[in-house]
Amino acid sequence: MPWTAVCISKDDSLRFEQDGHRCLSYVEALNEAQRQALDSDPEVFLIGEGIDDVGGVFGSTKGLKEAFGDRVMDMPIAENGLTGVVSAAAGVGMKPVLVHMRADFLPMSMDQLTNHAAKWHYMSGGQTSIPLVVRSIIGRGWGSAAQHSQGTHSMFLSTPGLKIALPSTPYDAKGLFLSAMQDPNPVLIFEHRWLYDSVGPVPEEMYAVPLGEAIVRRKGSDVTIVAVSQTVQQAIQAADTLAEKGIEVEVVDPRTIAPLDMKTIMESVSKTGRLVICDVSCKTGGYGAEIVCRLAESDPALLQAPVHRVSFPDLPTPNSPVLEEAYYPGVDDIIAAVEAALS
Amino acid sequence: MNTAEIPRRDLLETMVLLRCFEEKIVEVYGRQDMKTPVHLYIGQEAIATGVCAHLRKEDYLVTTHRSHAHCLAKGADPQALYAEFYGRVDGCCKGMGGSMHPAFPDLGIIGTSAIVGGGIPHGVGTALASSLRGDDRISVVFFGDGASEEGTFHESLNFAALKKLPVLFVCENNGYATVSPLFNRQPNPDVSERAKGYGITSYCVDGNDVEAVYEAADKAVKQLRQGGGPVFIEAKTYRWKGHVGPGEDWKTGARDREELEQWKKECPLKRYLAKLKEDGVSASDFDALVQKTDAMLDAALEEARKSEFPPTEQMYELLYRKGGC
Numbered sequence: 001m002p003w004t005a006v007c008i009s010k011d012d013s014l015r016f017e018q019d020g021h022r023c024l025s026y027v028e029a030l031n032e033a034q035r036q037a038l039d040s041d042p043e044v045f046l047i048g049e050g051i052d053d054v055g056g057v058f059g060s061t062k063g064l065k066e067a068f069g070d071r072v073m074d075m076p077i078a079e080n081g082l083t084g085v086v087s088a089a090a091g092v093g094m095k096p097v098l099v100h101m102r103a104d105f106l107p108m109s110m111d112q113l114t115n116h117a118a119k120w121h122y123m124s125g126g127q128t129s130i131p132l133v134v135r136s137i138i139g140r141g142w143g144s145a146a147q148h149s150q151g152t153h154s155m156f157l158s159t160p161g162l163k164i165a166l167p168s169t170p171y172d173a174k175g176l177f178l179s180a181m182q183d184p185n186p187v188l189i190f191e192h193r194w195l196y197d198s199v200g201p202v203p204e205e206m207y208a209v210p211l212g213e214a215i216v217r218r219k220g221s222d223v224t225i226v227a228v229s230q231t232v233q234q235a236i237q238a239a240d241t242l243a244e245k246g247i248e249v250e251v252v253d254p255r256t257i258a259p260l261d262m263k264t265i266m267e268s269v270s271k272t273g274r275l276v277i278c279d280v281s282c283k284t285g286g287y288g289a290e291i292v293c294r295l296a297e298s299d300p301a302l303l304q305a306p307v308h309r310v311s312f313p314d315l316p317t318p319n320s321p322v323l324e325e326a327y328y329p330g331v332d333d334i335i336a337a338v339e340a341a342l343s
Numbered sequence: 344m345n346t347a348e349i350p351r352r353d354l355l356e357t358m359v360l361l362r363c364f365e366e367k368i369v370e371v372y373g374r375q376d377m378k379t380p381v382h383l384y385i386g387q388e389a390i391a392t393g394v395c396a397h398l399r400k401e402d403y404l405v406t407t408h409r410s411h412a413h414c415l416a417k418g419a420d421p422q423a424l425y426a427e428f429y430g431r432v433d434g435c436c437k438g439m440g441g442s443m444h445p446a447f448p449d450l451g452i453i454g455t456s457a458i459v460g461g462g463i464p465h466g467v468g469t470a471l472a473s474s475l476r477g478d479d480r481i482s483v484v485f486f487g488d489g490a491s492e493e494g495t496f497h498e499s500l501n502f503a504a505l506k507k508l509p510v511l512f513v514c515e516n517n518g519y520a521t522v523s524p525l526f527n528r529q530p531n532p533d534v535s536e537r538a539k540g541y542g543i544t545s546y547c548v549d550g551n552d553v554e555a556v557y558e559a560a561d562k563a564v565k566q567l568r569q570g571g572g573p574v575f576i577e578a579k580t581y582r583w584k585g586h587v588g589p590g591e592d593w594k595t596g597a598r599d600r601e602e603l604e605q606w607k608k609e610c611p612l613k614r615y616l617a618k619l620k621e622d623g624v625s626a627s628d629f630d631a632l633v634q635k636t637d638a639m640l641d642a643a644l645e646e647a648r649k650s651e652f653p654p655t656e657q658m659y660e661l662l663y664r665k666g667g668c
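Line by line, the protein sequences are chains X and Y. Quick note on numbering: the numbering used here labels position 301 of the first sequence as 301, and the sequence is numbered without any gaps. The numbering used here runs 343 ahead of the 1-based position in the second sequence.
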């Protein structure tokens with residue numbers, strides 16, 4: 001299926017185009033999804049710092065101000081207050097999209113997200129719901145350093161009431177966004193800057209990729225890799241290399257880490273008995289820890305070998321290119337982790 | 344304002360309702376079956392009364408952990424509140440919110456934050472929705488002097504002024520945040536001075552004079568309904584009870600008893616009764632009103648206690664709103 005494919009190179013997407021599938025980049029898919037959401041419902045509005053700048057949040061909101069006027073609004077540098085503002089607008093039935101140019105700015109919104117938006121439906125006895133969508137972008141490279149490159153998704157994992165999505169393909173970038181727009185609960189979407197230029201098949205019509213459903217990106221019988229966001233591409237590359245050595249890797253992309261589709265992950269691990277987890281944040285307290293614990297709780301015998309995690313070290317991101325290079329894991333690290341799981 | 348235009352009887356009745364509602368809590372709280380931390384409003388009744396008298400049912404209202412009076416003044420059912428405080432399924436939030444999180448969406452109260460300052464942006468958010476939709480609802484948000492120290496206060500005032508949103512900010516300045524006095528926390532005792540810095544129309548009134556509050560709110564609401572942008576009212580008042588629970592702070596040594604006694608002389612109900620004597624309202628009329636209200640609340644409280652506790656499954660069912668893809 002073209003919709004499940006991960007295009008690593010231009011050739012991959014060209015093949016799909018030759019087969020008659022329209023291909024877009026991840027950022028074009030996001031832009032189109034927001035345009036269609038704004039177009040289809042007058043209650044949708046976008047707000048974010050610099051959302052109407054010439055750059056348009058790395059291109060993701062480009063042209064939307066011109067097309068939709070006051071429904072695409074710049075925001076004062078007041079992340080927590082404005083998260084409260086848009087949450088309450090959602091609470092009375094509007095459909096706001098809050099955009100943080102960096103996932104690092106999300107902790108500024110944390111009070112309103114974790115103390116308020118996530119709990120409003122619950123505290124009100126089910127009377128009020130907050131159909132809020134928050135987009136934020138994980139950065140990387142060019143000396144972005146410790147406050148412009150974090151994946152903060154794990155920080156929100158322990159707040160019941162939030163949904164958390166990490167799209168890894170252009171198809172999912174659009175489909176998960178549109179799904180979030182239909183969801184009556186607060187949804188955080190973590191995009192990855194390094195995926196913005198990746199290209200893949202994206203249907204023109206509006207469609208939804210369900211929240212809470214994992215997908216098997218590549219079938220294999222020897223080792224399961226669970227990967228999210230940018231690491232899905234890396235995991236596929238690692239799997240291709242390992243296949244040349246006769247090692248068949250299954251790659252599972254949860255797509256949302258809350259709710260987490262343990263069923264698909266369990267099915268895969270039942271088959272392979274070996275597990276490698278890839279994340280775009282620090283190791284401790286990541287979503288991978290939750291997966292391993294749930295496996296251990298339900299059936300520890302499923303695992304025939306120690307689990308390996310490929311994550312950022314438990315350190316803030318350094319600036320110097322030499323340190324940055326050492327900090328971020330790559331395809332080789334995933335290959336090494338799979339080989340270790342097999343040894 | 345012509346005094347004939349002021350609905351004096353309604354104002355008096357509302358203040359009596361707010362006072363008696365909470366005196367009932369003081370009366371029963373010692374039984375320890377009302378298991379929710381209550382933050383009482385006694386002494387501040389003139390503010391909720393004077394402001395809410397101008398609101399329509401569909402207008403939005405945002406309140407705080409000290410919420411009972413605002414909900415009642417907007418028209419909330421006392422029994423639904425009492426049942427909520429008792430953690431019953433007939434409570435206004437099915438027993439999920441307690442005293443600090445009442446919600447009455449039909450009255451424009453969509454939910455209540457107990458994080459200080461947390462609700463201020465919510466009133467701006469409902470006003471933003473009204474502005475984008477072009478409907479004629481206004482929003483009012485109540486908060487204490489302590490909340491004016493939070494970042495959300497400044498973020499909200501700035502945005503409301505920037506977008507000229509139909510929101511009325513009401514700061515109930517009772518001089519204390521838990522037990523910390525205002526002068527220990529802020530260099531300027533007039534919170535409304537800060538609102539002026541954002542270009543917001545501001546009034547500073549005697550919060551124990553219901554007609555003073557009513558008249559300021561009248562001007563404010565007229566401005567909001569005419570699209571004139573946000574308004575700020577600071578109402579100076581005093582909280583008789585402790586921060587939480589039915590006790591009084593002088594008993595714990597947190598405040599001087601003398602200070603409380605001085606403020607009790609400024610009781611908003613007594614002051615108003617004295618004024619209404621001009622209209623022929625006697626002390627016995629007032630006593631009869633109190634008795635009638637008290638009897639109604641007695642019945643509401645007993646009915647509330649007859650309600651069932653919620654089923655355990657409810658807490659799992661209410662995590663997410665169902666629907667979507």
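Hints are supplied without guarantee of correctness; some may be wrong.
[As the list claims (entries may be wrong)] The calculated lysine-lysine pairs, modelled on DSSO-like cross-linking and capped at a C-alpha distance of 27 Å, are: (1) K618(Y) to K565(Y); (2) K65(X) to K594(Y); (3) K608(Y) to K594(Y); (4) K649(Y) to K618(Y); (5) K594(Y) to K367(Y); (6) K219(X) to K283(X); (7) K618(Y) to K608(Y); (8) K507(Y) to K65(X); (9) K618(Y) to K62(X); (10) K608(Y) to K635(Y); (11) K263(X) to K562(Y); (12) K594(Y) to K400(Y).
[What the hints assert, rightly or not] Some chain X residues flagged as far from chain Y (calculated, every beta-carbon gap over 12 Å): (13) S9; (14) R15; (15) S129; (16) W142; (17) K163; (18) Y207; (19) E248; (20) S298; (21) P313; (22) L323.
[Claimed, not checked] The calculated label-pair distances, taken between Cβ atoms and stated as ranges, are: (23) P448(Y) to A146(X): 36 to 46 Å; (24) S343(X) to K665(Y): 26 to 36 Å; (25) P107(X) to E492(Y): 29 to 39 Å; (26) K539(Y) to Q147(X): 49 to 59 Å; (27) Q634(Y) to M110(X): 46 to 56 Å; (28) E492(Y) to S40(X): 51 to 61 Å.
No lab work stands behind these hints: they were computed from the structure. Fair warning: this is a prediction, and the values are worked out from it, not measured in the lab. The C-beta atom is built at its ideal place from N, Cα and C for all residues, glycine as well.
Structure-based check of each hint:
1. For the proposed pair K618(Y) and K565(Y), the alpha carbon gap of about 26 Å is at most 27 Å, so the pair holds.
2. A C-alpha spacing of about 60 Å is found between K65(X) and K594(Y), which places the hinted pair above 27 Å, so the restraint is violated.
3. Straight-line distance between C-alpha atoms of K608(Y) and K594(Y) comes to about 19 Å, which keeps the hinted pair within the 27 Å bound.
4. Using a Cα cut-off of 27 Å, the hinted pair K649(Y) and K618(Y) is violated, with the two alpha carbons roughly 40 Å apart.
5. About 21 Å separates the Cα atoms of K594(Y) and K367(Y), which keeps this hinted pair within 27 Å; it holds.
6. Under the criterion of a C-alpha separation no larger than 27 Å, the hint pairing K219(X) with K283(X) is consistent with the structure, at around 26 Å.
7. Restraint check for K618(Y) and K608(Y): the C-alpha separation of about 14 Å stays at or below 27 Å, so the hint holds.
8. Of the pairs offered as hints, the one joining K507(Y) and K65(X) holds, with about 20 Å between alpha carbons and a cut-off of 27 Å not exceeded.
9. Of the pairs offered as hints, the one joining K618(Y) and K62(X) is violated, with about 63 Å between alpha carbons and a cut-off of 27 Å exceeded.
10. For a cut-off of 27 Å, the pair hint linking K608(Y) to K635(Y) stands: about 25 Å separates their Cα positions.
11. Taking the CA atoms of K263(X) and K562(Y), the gap is near 60 Å; set against the 27 Å cutoff, the hint is violated.
12. For the proposed pair K594(Y) and K400(Y), the alpha carbon gap of about 40 Å is over 27 Å, so the pair is violated.
13. S9(X), annotated as away from the interface, keeps every beta carbon of chain Y farther than 12 Å; the closest lies near 31 Å.
14. Once the 12 Å rule is applied to beta carbons, R15(X) is consistent with being away from chain Y; the minimum gap is 29 Å.
15. Not every CB of chain Y is more than 12 Å from the CB of S129(X) (nearest about 4 Å), against its label as outside the interface.
16. Every beta carbon of chain Y lies more than 12 Å from that of W142(X), the smallest distance being close to 31 Å; the non-interface claim holds.
17. Its closest Cβ contact with chain Y, about 8 Å, brings K163(X) to no more than 12 Å, contrary to its assignment away from the interface.
18. Distance to chain Y contradicts Y207(X) as a non-interface residue, since its nearest Cβ pair spans about 9 Å, not more than 12 Å.
19. No beta-carbon of chain Y is positioned within 12 Å of the beta-carbon of E248(X); the least distance is around 32 Å.
20. Every Cβ of chain Y is farther than 12 Å from the Cβ of S298(X); the closest lies at roughly 19 Å, confirming the non-interface assignment.
21. With a cut of 12 Å on Cβ distances, P313(X) stays outside the contact zone with chain Y, its closest approach being about 33 Å.
22. Non-interface call for L323(X) relative to chain Y: holds, since the shortest CB-CB distance, roughly 34 Å, exceeds 12 Å.
23. At roughly 43 Å, the beta-carbon separation of P448(Y) and A146(X) lies within the given 36 to 46 Å, and the hint holds.
24. Range check, S343(X) to K665(Y): Cβ separation about 46 Å, and the 26 to 36 Å hint is violated.
25. Between P107(X) and E492(Y) the C-beta distance comes to about 21 Å, which lies outside the given range of 29 to 39 Å.
26. Judged by the Cβ atoms, the range 49 to 59 Å given for K539(Y) and Q147(X) is violated: they are separated by roughly 35 Å.
27. Distance hint check for Q634(Y) and M110(X): the Cβ-Cβ separation is about 50 Å, which falls inside the suggested range of 46 to 56 Å.
28. Between E492(Y) and S40(X) the Cβ separation comes to about 42 Å, which falls outside the hinted range of 51 to 61 Å.
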